[in-house]
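Chemist: Protein chains in written order, with full-length UniProt numbering: chain F, 1 to 151; chain B, 1 to 151.
Keep in mind that the hints were calculated from the coordinates and are not lab data.
Warning: the hint list may mix true and false statements.
Which copy is meant is left open, because identical chains are indistinguishable; a pair holds if it fits in one copy or across any two.
[To be verified] Dumping the calculated SDA-like pairs for lysine to any residue here, alpha-carbon to alpha-carbon at most 25 Å:
{"hint": "1", "residue 1": "K76", "residue 2": "L141"}
{"hint": "2", "residue 1": "K13", "residue 2": "E40"}
{"hint": "3", "residue 1": "K13", "residue 2": "T114"}
{"hint": "4", "residue 1": "K13", "residue 2": "E139"}
{"hint": "5", "residue 1": "K13", "residue 2": "H49"}
{"hint": "6", "residue 1": "K13", "residue 2": "V87"}
{"hint": "7", "residue 1": "K76", "residue 2": "Y148"}
{"hint": "8", "residue 1": "K13", "residue 2": "A39"}
{"hint": "9", "residue 1": "K76", "residue 2": "D27"}
{"hint": "10", "residue 1": "K76", "residue 2": "T33"}
2 protein chains.
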Amino acid sequence: MAPNEFPPLPADKAALEEGAVFTPRFDAAGLVTAVVTDAEDGVLLMVAHMNGEALALTLETGIAHYWSRSRNSLWKKGETSGNMQRVVAMKTDCDQDAIWLSVVVGGDRATCHTGRRSCFYRDVALSGAGAILVSDGSEPLFSPHDVYGKS
Amino acid sequence: MAPNEFPPLPADKAALEEGAVFTPRFDAAGLVTAVVTDAEDGVLLMVAHMNGEALALTLETGIAHYWSRSRNSLWKKGETSGNMQRVVAMKTDCDQDAIWLSVVVGGDRATCHTGRRSCFYRDVALSGAGAILVSDGSEPLFSPHDVYGKS
């Protein structure tokens, strides 16, 4: 399957929601949302985005690829840090604009660029004046400074 | 806390990633991505979006509110079907552009408008020619026709 070779959206809503044809619904920027959970315990690790090429490469190789919106480039997750993601299962939702990846993380088993296992390491809590963030105690599993340099 | 009264983004990346101030990073359309999992077993139920008002209402009431991009309106999830979502925990990610809600679903305990428990009821699988969708066997827990009418 060559990159971006996904069929066009069906005209029929029933086909989109109940059919067997994978017709990912890319947004105006050409992206679908990817939700990534740990295959072992289901913990939410990250939320990212995929263009057609990233999605096709993920399907072909079994290793998660994304589209980096900040770098505006294809992103083989973990290529620098070693924490690559082997895809165990992939699902899509009713209107096919989101992808759920269940993955096994390699290396230090960290997913967040801060070195933590998950990007979701702060609880949103209500205090008197409004919402605050409270650390859930997650500690870095690798040193971002050592892995990514000073940037 | 009045709707949309969230502080502006910090200029400092360290404050965004390690700070205790909740500064949700809304996109150009004024939305953040919301990932919703079941508080009991962690299953991914849906992916949706929130504007400032939906996020503030969710925090204030403890009941999940979203922004419906298709209807272009505030959306108190489950108001029609009875399957409202009580928020047990809320987290945000490193760059604060995604929210993770852990919820208990009321009513029929269904989240998808197709009547199923989760919107993610089809596996993406590779066949000879490309990717296909395979039902995971999830059955509707309510009748969408009865609840939503014929639309």
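Chemist: Now look at each hint and say whether the structure bears it out.
Modeler: Verification of the supplied hints:
| no. | hint | verdict |
| --- | --- | --- |
| 1 | K76 to L141 | within (20 Å within a copy, 38 Å between copies) |
| 2 | K13 to E40 | neither (34 Å within a copy, 31 Å between copies) |
| 3 | K13 to T114 | between (41 Å within a copy, 11 Å between copies) |
| 4 | K13 to E139 | between (45 Å within a copy, 18 Å between copies) |
| 5 | K13 to H49 | both (24 Å within a copy, 21 Å between copies) |
| 6 | K13 to V87 | neither (29 Å within a copy, 30 Å between copies) |
| 7 | K76 to Y148 | within (15 Å within a copy, 42 Å between copies) |
| 8 | K13 to A39 | neither (31 Å within a copy, 30 Å between copies) |
| 9 | K76 to D27 | both (21 Å within a copy, 24 Å between copies) |
| 10 | K76 to T33 | both (16 Å within a copy, 22 Å between copies) |
In summary, the structure is inconsistent with hints 2, 6 and 8 from the numbered list given earlier, while agreeing with the others.
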